[in-house]
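Q: One-letter residues, chain by chain:
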Amino acid sequence: QKEVEQNSGPLSVPEGAIASLNCTYSDRVSQSFFWYRQYSGKSPELIMSIYSNGDKEDGRFTAQLNKASQYVSLLIRDSQPSDSATYLCAVYDRGSTLGRLYFGRGTQLTVWP
Amino acid sequence: DGGITQSPKYLFRKEGQNVTLSCEQNLNHDAMYWYRQDPGQGLRLIYYSQIVNDFQKGDIAEGYSVSREKKESFPLTVTSAQKNPTAFYLCASSPDRAVRNEQFFGPGTRLTVL
Numbered sequence: 001q002k003e004v005e006q007n008s009g010p011l012s013v014p015e016g017a018i019a020s021l022n023c024t025y026s027d028r029v030s031q032s033f034f035w036y037r038q039y040s041g042k043s044p045e046l047i048m049s050i051y052s053n054g055d056k057e058d059g060r061f062t063a064q065l066n067k068a069s070q071y072v073s074l075l076i077r078d079s080q081p082s083d084s085a086t087y088l089c090a091v092y093d094r095g096s097t098l099g100r101l102y103f104g105r106g107t108q109l110t111v112w113p
Numbered sequence: 001d002g003g004i005t006q007s008p009k010y011l012f013r014k015e016g017q018n019v020t021l022s023c024e025q026n027l028n029h030d031a032m033y034w035y036r037q038d039p040g041q042g043l044r045l046i047y048y049s050q051i052v053n054d055f056q057k058g059d060i061a062e063g064y065s066v067s068r069e070k071k072e073s074f075p076l077t078v079t080s081a082q083k084n085p086t087a088f089y090l091c092a093s094s095p096d097r098a099v100r101n102e103q104f105f106g107p108g109t110r111l112t113v114l
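From first to last, the protein sequence lines stand for chains B and E. According to my numbering, numbering within the first sequence proceeds without interruption in unit steps and concludes at 113. According to my numbering, numbering within the second sequence proceeds without interruption in unit steps and concludes at 114.
It is possible that some hints are incorrect.
To be verified - Here are the computed lysine-lysine pairs in the DSS-like style, where the Cα-Cα straight-line distance is at most 30 Å:
#: 1; chain 1: E; residue 1: 9; chain 2: E; residue 2: 71
#: 2; chain 1: B; residue 1: 67; chain 2: E; residue 2: 57
#: 3; chain 1: E; residue 1: 71; chain 2: B; residue 2: 67
No lab work stands behind these hints, which were simulated from the structure alone.
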């Protein structure tokens with residue numbers, strides 16, 4: 001069983017600050033990495049995908065991947081109260097013929113005004 | 001509009017009853033997935049299907065069944081053998097199982113056993 005670990009939080013930051021969310025995974029052959037945002041009572045929404053080492057920026061979001069350390073993170077700059085949600089890290093395993101995602105349990109983020 | 005639809009949004013079941021949750025997508029995606037989410041928990045994979053007429057068990061398939069007779073449809077039946085079915089059920093689809101496996105979710109069905 002593949003392991004995807006996230007700090008459950010809650011993580012609380014003031015409006016305008018940088019929120020840093022971290023994720024580690026157990027399988028070195030994992031190829032693709034995703035961050036989903038899930039508001040309370042709603043379904044997950046894909047917000048970032050990253051496939052190679054380094055940083056990927058999309059608006060206020062930056063995903064960082066370090067395959068050697070088996071670590072992926074999500075930075076949210078200029079955090080807003082509307083960013084308050086649970087953030088799920090997911091890792092794609094193509095170790096078998098039929099690939100699937102493995103999810104962490106999520107980190108709950110609260111941005112206070 | 002392209003997307004994934006799930007119905008019903010809320011479902012109540014008596015103990016001993018089978019119920020079927022609907023999932024339809026018009027995105028022309030090959031792969032479809034069913035997850036279960038319990039409060040404070042991550043997503044657990046129930047079943048997935050990469051092509052029509054083929055599907056695989058996930059991590060918690062016991063007490064569930066699926067079919068994939070059409071590319072756009074992947075219904076999930078929660079049988080009476082599932083001892084603790086109260087949960088939030090999420091269907092997802094992905095355009096490409098072989099490369100990056102970005103998955104997109106429907107709005108979910110919240111099942112409650114009375």
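Q: Each of the hints needs a verdict: does it hold here or not?
A: Evaluated hints:
no., hint, verdict
1, 9(E) to 71(E), "22 Å, holds"
2, 67(B) to 57(E), "29 Å, holds"
3, 71(E) to 67(B), "35 Å, violated"
When each numbered hint is compared with the structure, a violation occurs for hint 3 only.
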